[in-house]
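For chain A, the structure is supplied; the task is to place chain B on it using the hints.
Spelled out, the chains give:
Protein chains: 2
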Amino acid sequence: MAVNLPVPELHQLHAVSGVTLGVASAGIRKGGRKDILVVALAEGTRVAGVFTQNAFCAAPVQVCRSHLSAASEIRAWVVNTGCANAGTGERGLADAQETTRMLAELLRLQPEQVLPFSTGVILEHLPMEKLRLGIDQACGVLGEASWLDAAQAIMTTDTQPKAASTKVMVSGRPVTITGISKGAGMIRPNMATMLGYVATDAGVSQALLHDLVREAADESFNAITVDGDTSTNDSFVAAATGASGVMFSSAGDPQWPLFRDAFIGVCRQLAQAIVRDGEGATKFITIRVNDAASRDEARQVGYAIAHSPLVKTAFFASDPNLGRILAAIGYSGVPGCDVNKIRVALDDVLVAESGGRAKGYSEADGQRVMQQSEITVTVSLGRGGAQAVVYTCDLSHEYVSINADYRS
Amino acid sequence: MAVNLPVPELHQLHAVSGVTLGVASAGIRKGGRKDILVVALAEGTRVAGVFTQNAFCAAPVQVCRSHLSAASEIRAWVVNTGCANAGTGERGLADAQETTRMLAELLRLQPEQVLPFSTGVILEHLPMEKLRLGIDQACGVLGEASWLDAAQAIMTTDTQPKAASTKVMVSGRPVTITGISKGAGMIRPNMATMLGYVATDAGVSQALLHDLVREAADESFNAITVDGDTSTNDSFVAAATGASGVMFSSAGDPQWPLFRDAFIGVCRQLAQAIVRDGEGATKFITIRVNDAASRDEARQVGYAIAHSPLVKTAFFASDPNLGRILAAIGYSGVPGCDVNKIRVALDDVLVAESGGRAKGYSEADGQRVMQQSEITVTVSLGRGGAQAVVYTCDLSHEYVSINADYRS
Numbered sequence: 000m001a002v003n004l005p006v007p008e009l010h011q012l013h014a015v016s017g018v019t020l021g022v023a024s025a026g027i028r029k030g031g032r033k034d035i036l037v038v039a040l041a042e043g044t045r046v047a048g049v050f051t052q053n054a055f056c057a058a059p060v061q062v063c064r065s066h067l068s069a070a071s072e073i074r075a076w077v078v079n080t081g082c083a084n085a086g087t088g089e090r091g092l093a094d095a096q097e098t099t100r101m102l103a104e105l106l107r108l109q110p111e112q113v114l115p116f117s118t119g120v121i122l123e124h125l126p127m128e129k130l131r132l133g134i135d136q137a138c139g140v141l142g143e144a145s146w147l148d149a150a151q152a153i154m155t156t157d158t159q160p161k162a163a164s165t166k167v168m169v170s171g172r173p174v175t176i177t178g179i180s181k182g183a184g185m186i187r188p189n190m191a192t193m194l195g196y197v198a199t200d201a202g203v204s205q206a207l208l209h210d211l212v213r214e215a216a217d218e219s220f221n222a223i224t225v226d227g228d229t230s231t232n233d234s235f236v237a238a239a240t241g242a243s244g245v246m247f248s249s250a251g252d253p254q255w256p257l258f259r260d261a262f263i264g265v266c267r268q269l270a271q272a273i274v275r276d277g278e279g280a281t282k283f284i285t286i287r288v289n290d291a292a293s294r295d296e297a298r299q300v301g302y303a304i305a306h307s308p309l310v311k312t313a314f315f316a317s318d319p320n321l322g323r324i325l326a327a328i329g330y331s332g333v334p335g336c337d338v339n340k341i342r343v344a345l346d347d348v349l350v351a352e353s354g355g356r357a358k359g360y361s362e363a364d365g366q367r368v369m370q371q372s373e374i375t376v377t378v379s380l381g382r383g384g385a386q387a388v389v390y391t392c393d394l395s396h397e398y399v400s401i402n403a404d405y406r407s
Numbered sequence: 000m001a002v003n004l005p006v007p008e009l010h011q012l013h014a015v016s017g018v019t020l021g022v023a024s025a026g027i028r029k030g031g032r033k034d035i036l037v038v039a040l041a042e043g044t045r046v047a048g049v050f051t052q053n054a055f056c057a058a059p060v061q062v063c064r065s066h067l068s069a070a071s072e073i074r075a076w077v078v079n080t081g082c083a084n085a086g087t088g089e090r091g092l093a094d095a096q097e098t099t100r101m102l103a104e105l106l107r108l109q110p111e112q113v114l115p116f117s118t119g120v121i122l123e124h125l126p127m128e129k130l131r132l133g134i135d136q137a138c139g140v141l142g143e144a145s146w147l148d149a150a151q152a153i154m155t156t157d158t159q160p161k162a163a164s165t166k167v168m169v170s171g172r173p174v175t176i177t178g179i180s181k182g183a184g185m186i187r188p189n190m191a192t193m194l195g196y197v198a199t200d201a202g203v204s205q206a207l208l209h210d211l212v213r214e215a216a217d218e219s220f221n222a223i224t225v226d227g228d229t230s231t232n233d234s235f236v237a238a239a240t241g242a243s244g245v246m247f248s249s250a251g252d253p254q255w256p257l258f259r260d261a262f263i264g265v266c267r268q269l270a271q272a273i274v275r276d277g278e279g280a281t282k283f284i285t286i287r288v289n290d291a292a293s294r295d296e297a298r299q300v301g302y303a304i305a306h307s308p309l310v311k312t313a314f315f316a317s318d319p320n321l322g323r324i325l326a327a328i329g330y331s332g333v334p335g336c337d338v339n340k341i342r343v344a345l346d347d348v349l350v351a352e353s354g355g356r357a358k359g360y361s362e363a364d365g366q367r368v369m370q371q372s373e374i375t376v377t378v379s380l381g382r383g384g385a386q387a388v389v390y391t392c393d394l395s396h397e398y399v400s401i402n403a404d405y406r407s
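These protein sequence lines map, in sequence, to chains A and B.
Numbering that gives the first Met the number 0 puts the first residue of the first sequence at 0, with every later residue one more than the last.
Numbering that gives the first Met the number 0 puts the first residue of the second sequence at 0, with every later residue one more than the last.
With the rest of the complex left out, here is chain A:
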């Protein structure tokens, strides 16, 4: 049961000119579900991406990095669920490369023009024959209107598809930005993300798109955590087809902030959707850390709170157990942290100040906020002017059930 996350409707997801999508059920995931997505990109499209920092990064991530750093134009993406092709050694790498060859042949591209993505169980090999049939089938149904199908095809333990879409007017022309994401567990993206795909019909130069993807990841996918586990397969890629006729080649363009904000807004929606559908989530928690000496320090405190199983179970219980939040701030490792300067609020209720319970705080006020399905924890460190936001969810019985049963 995702937290305040409406299932996207087909008519809300604007097609992106220059991008066609096709899905298939190849039998890699159980239950005959959609498990293959092929995305074809028009000639001239610019692509940029960021990937997991996990040292055990999956074979497809290695191939993505290599293909993106080669000079060739990326023209297609292929995603399978049900098998992560991670921890699979040399054979896994060969399988990921073979996957790009299969799709390249069907779309008359070079293998280096294809990016492969996998998600699912780690340490198992890809079933290559099923994959081949699935890719073939998906290529047969490529269409501009298939964004919802695409969002469904990349789901694993997600309870619902995740997609976001917007249109902005740039110099009198409509520009579309549409994206999909997936992920519910093993979520603590590190300088990268879970699977996230965003496309726009704006034209964006390669260098500018590269910077935009990093900035957007930092503001969205890199600010979420479900369980603190950084996946081996996190990937976030964006495509700019240029089909709208709008072209950006410099961040100095007066229209750029408008487009950039819209783009980041789509990414933030997709990232928050992952937390809202976090494994077993019943609450959506925003942790704002203000007045920090640096952004890194603010994040460190935010993640200490967001990862504490005690804080997460207190949210699940709607229990204003503020001591657990203070303890997490206290062990977050900020050097020379003066607890007397720290203030903590739950929504608009000031709960702690001067190293203890705030004057005028009543348990009833805390209880009222904790019972909401959306809660903002605001921490002021009193050390400087930097801030960061982390989005997370609570820890429920359902989380344990899902992860104790995932493979069985």
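A few of these clues could be false.
[Said to hold, decoys possible] Covered stretches of chain A (chain B as the covering partner; in silico rule of three or more C-beta atoms under 8 angstroms from a C-beta of chain B):
no., region
1, 41–48
2, 304–313
[To be verified] Computed beta-carbon distance windows for the label pairs:
no., chain 1, residue 1, chain 2, residue 2, range
3, A, Asp337, B, Asp260, 39 to 45 angstroms
4, A, Arg287, B, Gly31, 54 to 60 angstroms
5, B, Gly31, A, Asp295, 47 to 53 angstroms
6, A, Gly31, B, Asp347, 37 to 43 angstroms
7, A, Asn3, B, Gln11, 54 to 60 angstroms
8, A, Glu72, B, Lys358, 39 to 45 angstroms
9, B, Ser170, A, Asp337, 48 to 54 angstroms
10, B, Asp347, A, Glu97, 34 to 40 angstroms
11, A, Gly31, B, Gly31, 56 to 62 angstroms
12, B, Arg90, A, Leu257, 50 to 56 angstroms
13, B, Leu132, A, Gly359, 29 to 35 angstroms
14, B, His10, A, Gly359, 53 to 59 angstroms
[Said to hold, decoys possible] Computed, partial: chain A to chain B, Cβ under 8 angstroms:
no., residue
15, Tyr330
16, Cys336
17, His396
These aren't lab readings, by the way, just hints derived from the structure by calculation.
Every residue gets a Cβ at the ideal spot worked out from N, C-alpha and C, and that includes glycine.
Same frame as chain A, but now just chain B:
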């Protein structure tokens, strides 16, 4: 249900000459349970301790640090459960000081000769009148044989008392070491521990006892984690009364290693008891990280595995989901980690090598080990000669139940 942790029996806990203990039910904890422990130490006893590194350290921890650094001889300890006196500001500090005055008056000591300890709910003030009556009552029943009562009096969410005791012959004289500990949640001691108390009738000079306490903490309480949450109240103190007639004043004493090993053995038993009784624990997990470039690096990898909710739920499910262990090693943050050199074993079963599944590994072998109640994960990093051990438990439904209900 603790994991392979027999309830200590009274006759197994040797009295320590020079140490008397008294307990009381002061009504601070619910249900009329024992909640006050007073320990009186004979003149000439040496005391040393280590405490939490949490910036929000509790008022009694601040008082302990101050009293231990003062020149006066420590002659008594007082512990209450039911209220941690943490996050309680100036008033909390005054209450902790008042607690030492109460006990000092009854035992005819100076307040600086008393160490106060509190454990329980954070952000609530001590009920001073109940405390006064409880301390008075406990002082009326001081006796050498009350170690089991003492272990019971310091319990919070513990399901059973934790104690360990041993005797060693030093130069023909019997020396006794007996200790108690408590803790089940908010367990990730950081250069300190949960509540742990060890006494010996050996004489140990102040400097040597100080070093021994740090070394023992490092090998025992600092190597355990239940949920990664470092408490505000962790404290580990030791007393050496000298009543056995055996005296150590230098680590160069040929008998010192014998005594030191016995002392550390008692501490390790007490620390492991905390993990075996970890909130909701059904499995006791030992994580050995070998061939690391440094001990810190080995610990970092050990804790990454031990704190991963995905790894912990896989242990709960008896599921050999090795990918989750590899992912945790991968994101542990060891710089320049070469996954091709990493080997992972579950007990005697080699499960991963060369960046993937080990040759000859079968799921049935992994399954067999995972079904045990005690499992050792051995990770070889292939980077050097350093090693570390971390003890932890699994993450079960019961953990969520306990922590969602703790205050209600």
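Against the structure, the hints:
no.	hint	in the structure
1	41–48	violated (count 0)
2	304–313	holds (count 6)
3	A:Asp337 <-> B:Asp260: 39 to 45 angstroms	41 angstroms, holds
4	A:Arg287 <-> B:Gly31: 54 to 60 angstroms	43 angstroms, violated
5	B:Gly31 <-> A:Asp295: 47 to 53 angstroms	49 angstroms, holds
6	A:Gly31 <-> B:Asp347: 37 to 43 angstroms	40 angstroms, holds
7	A:Asn3 <-> B:Gln11: 54 to 60 angstroms	55 angstroms, holds
8	A:Glu72 <-> B:Lys358: 39 to 45 angstroms	40 angstroms, holds
9	B:Ser170 <-> A:Asp337: 48 to 54 angstroms	50 angstroms, holds
10	B:Asp347 <-> A:Glu97: 34 to 40 angstroms	36 angstroms, holds
11	A:Gly31 <-> B:Gly31: 56 to 62 angstroms	59 angstroms, holds
12	B:Arg90 <-> A:Leu257: 50 to 56 angstroms	53 angstroms, holds
13	B:Leu132 <-> A:Gly359: 29 to 35 angstroms	31 angstroms, holds
14	B:His10 <-> A:Gly359: 53 to 59 angstroms	54 angstroms, holds
15	Tyr330	4 angstroms, holds
16	Cys336	4 angstroms, holds
17	His396	5 angstroms, holds
Of the hints listed earlier, those the structure fails to meet are numbers 1 and 4, in rising order.
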